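Protein chains in written order, with the working numbering: chain A, 1 to 502; chain B, 1 to 331.
The hints are simulated quantities; they were obtained by calculation from the structure and are not laboratory data. Any given hint might turn out to be false.
[Stated by the list, open to error] Which residues of chain B face chain A? A partial, calculated answer using Cβ under 7 Å:
no., residue
1, Phe-187
2, Ser-203
3, Gly-208
4, Arg-212
5, Val-267
This structure is a prediction, so every number in the text was calculated from the model and none was measured. All residues carry an ideal CB built from backbone N, CA and C; glycine is no exception.
So the chains spell out like this:
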Amino acid sequence: MNSGILLDMKDICKEYPGVQALDHVPFQLKAGEIHALLGENGAGKSTLIKVLTGAESLTSGSVFLDGKSVKVRNPLQAQHAGISTVYQEVNLCPNLSVAENIHIGREPRTAWGFIDWKTMEQRSKDLLRSFDLDIDVTRALDNYSVAVQQMVAIARSCDISARILILDEPTSSLTDSEVEKLFSVMNRLRGEGMGIIFVTHFLDQVYQICDRITVLRNGRYVCTEKTGDLDRVSLVGRMIGKDYSELAGGLTERGESPDRESLMDVAGLYKSGTISPLNLTIRKGEILGFGGLLGSGRSEAARLIFGADRADGGEMTLDGEAVQFKTPLEGIRAGLAFCPEERKVEGIVGDLSVRDNIMLALQAKQGITRPLDPEEVNRMTDKFIDLLQIKTPDAERAVKNLSGGNQQKVILARWLATDPRILILDEPTRGIDVGTKAEIQKIMIGLAGEGMSVIFISSEIDEMMRCCERMVILKDRSVVCELAGDSLTESRVMRSIAGGGA
Amino acid sequence: MKRKRNFSEISLLTITLALFAVMYLGGILFYGFRISTFLNLFNDNAYLIVATTGIFFVLLTGGIDISIGSVVAFTCVFSAWLLEKGVPSGVVIPLVLLIGLAFGSLQGFLIVRFDLQPFIVTLAGLFFMRALCSIISKAAIAIKNPFYLKVALAKIRFTLGRQHPKIYFYALFAIAVVLATAFVLKFTKFGRTVYAVGGSEQSASLMGLPARGTRVMVYGISGFCASLGGVVYSLYTLAGYSLQNIGMELDAISSAVIGGTLLTGGVGSIFGAAIGVLIQGLIQTVVTYQNLNTWWTKVTVAALLCLFIIIQRAMSVNGEQARKKRLIRVA
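Pulled out of the complex, with its shape left as it was, chain A reads as follows (with noise of 0.2 Å):
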């Protein structure tokens, strides 16, 4: 054994049209040790997965398992090669009995090279038992909790000798109990000589069981470190590019907040299993931003005020009034714009023209049934492209045709095509050019100045920090503080997402 390395990932590059995914990086991987693979949106965690297990090509690198030079084609082949996934959405099949889920391709078989059901529901029986599982295992697996559905995929990744178990994002929606549980499977599975490789939204469960981090950004590798090494504020800076040794000197300078009246007053919206109970204020003319990492439920509380999800209980008052929000329409009739995180499933119609895709959120707003005047469409639309100068070569252009940042602009211009109060965006920036970007931050703050709502939603703290006048900073689901004045500072943002040392 050569110092333990069970599987070593070199120089590995993937290439997407435009876009460089993974840009050389390394991976390594010891066996015996629950290694966390972690970075923000579009750091390359997932492609890096996909890749290792054969669900993606690698533009090239290479891969060395124990030492010898692997090509992983396919998943059967990963599978061959010892390397297992599970993933968040369970892949099986939930029409199938648990047994069944454990041994399909491999079933034991009767001297007529029949499959014997008798032999593996009992295997799988045995099986689960040294997983602490007691189930029925005759019965369709759809019958059993995410969680069981897990613990049934790790046994199948077992049972067919797997190496390197892959776990990607297996926490999201366990319960405390659960999540222990699994934890106790891990621990043994190490202690087997396992590697694991376990991608989380969750510091808290990085620092509770993993050995080593590896940290990603924008396709780039940032660094490898033993848990002990690092404190989490210096993960969180890692993550998001922000040095915090750079940072904790020097306060960012802020004149006082003005005073403004309150619009819009949120008291104890929720949602089960999304969200925890929101209270919060939305101001006339403030850019309000909604920071924490990714999956802390910045997007989701988003999407609750809105009316995009439906919230299980809470009030909202839009100017003192009682409101609530069923559907998105009941939103956009309210004076509320919501520009979705990703832009290419919830928010553009690629097919349509530029004008069409403006006209999409006021079209709804005025019911489908009352054509909107084309004059006056043509006006609008001219004058949105004039004032986001979106670079179309006219209105009539496929959005699909655009780039990136001309498509979020579409966007913008959709949702400000039906003047709203409270205008919602959700990583407005993310993988656009840096002088879009600029572009849409001074939109925004114009937008502010004019006396529009701004919640602002981002994962890079250096924009929230020049647009934002105050943040809520939210964590595993619930809002950890509010922060604005003097108390809005990188260095306080910083420790408030990393949590546990604030």
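Dock chain B against the given chain A, drawing on the hints supplied.
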């Protein structure tokens, strides 16, 4: 950790069985059904049972095959034509079965290889086979081949008091096909892969199962069973006619659904599907006894289908609610 089963083949099968039993009891009480009525359900619907068995494989994977009615018709017309030309039955039967298998596999290959909609591909198949029927012969062709005549009339006759119910060999053959299918689906790797693909094709391939190959094969089986059903049908009618069995594929699909098969794939029992055929036969019988217009059969089947789809939906909604509760518990 144990929870109530959300929806399962077993509960759906129970409903189907109960429905059949109630209807049959009703038949005995109101119309004086005899043993022969029961056996005739098999005699008259043997071809449909065989064809339903084939399409059942496809439905389990979440696909659909609407070409089978045309394949049945083609098999009948083509074999009648060949037999009329004096080709021996020992050649005709293997030949038409092979054509069915090849045609189904081709459809499966196109669907999987080029990622096409099964509905459209098999719709093309439906037109193609139906057109071939007319090209071969527009008029009905009677089958006078001695082997066919012999097999068509082969039957077992029971004596129960003054009743003499009978069951034909081809009906027994259909029952054998159902039993064989049940065995294949439960005890072979291929059978379990069919269910796995229907549950989640992505998961199945991530678990290293030959998902794509299996999907091609189920269409091959569907084509094969359709031509087998065609052979049974030509024994039943001793003729081939280009316009026969129009819409039969829909009878097969509705039988499967009434028998508890989920069209989304992954859940269903072949026994349920076969009983589904019998239920339709039973409705037909009642309609005949009542001397009603035969379209009343379709009206009743339509009502039943609606009922079953709603039951299935209700069951899976219950499942979703159970899942939601799980999430709330998590929070």
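Against the structure, the hints:
The criterion of a C-beta within 7 Å of any C-beta in chain A is met by Phe-187 of chain B, whose closest approach is roughly 4 Å, and the hint holds. Checking Ser-203 of chain B against chain A: minimum C-beta separation of about 4 Å stays under 7 Å; hint holds. Because the closest C-beta pair between Gly-208 of chain B and chain A is about 4 Å apart, less than 7 Å, the hint holds. With a cut of 7 Å, the hint placing Arg-212 of chain B at the interface with chain A is violated, because the nearest CB-to-CB distance is about 12 Å.
Taking 7 Å as the C-beta contact cut-off toward chain A, the hint placing Val-267 of chain B at the interface holds, the least distance being around 6 Å.
When the structure is compared with the earlier hints, a violation turns up for hint 4 alone.
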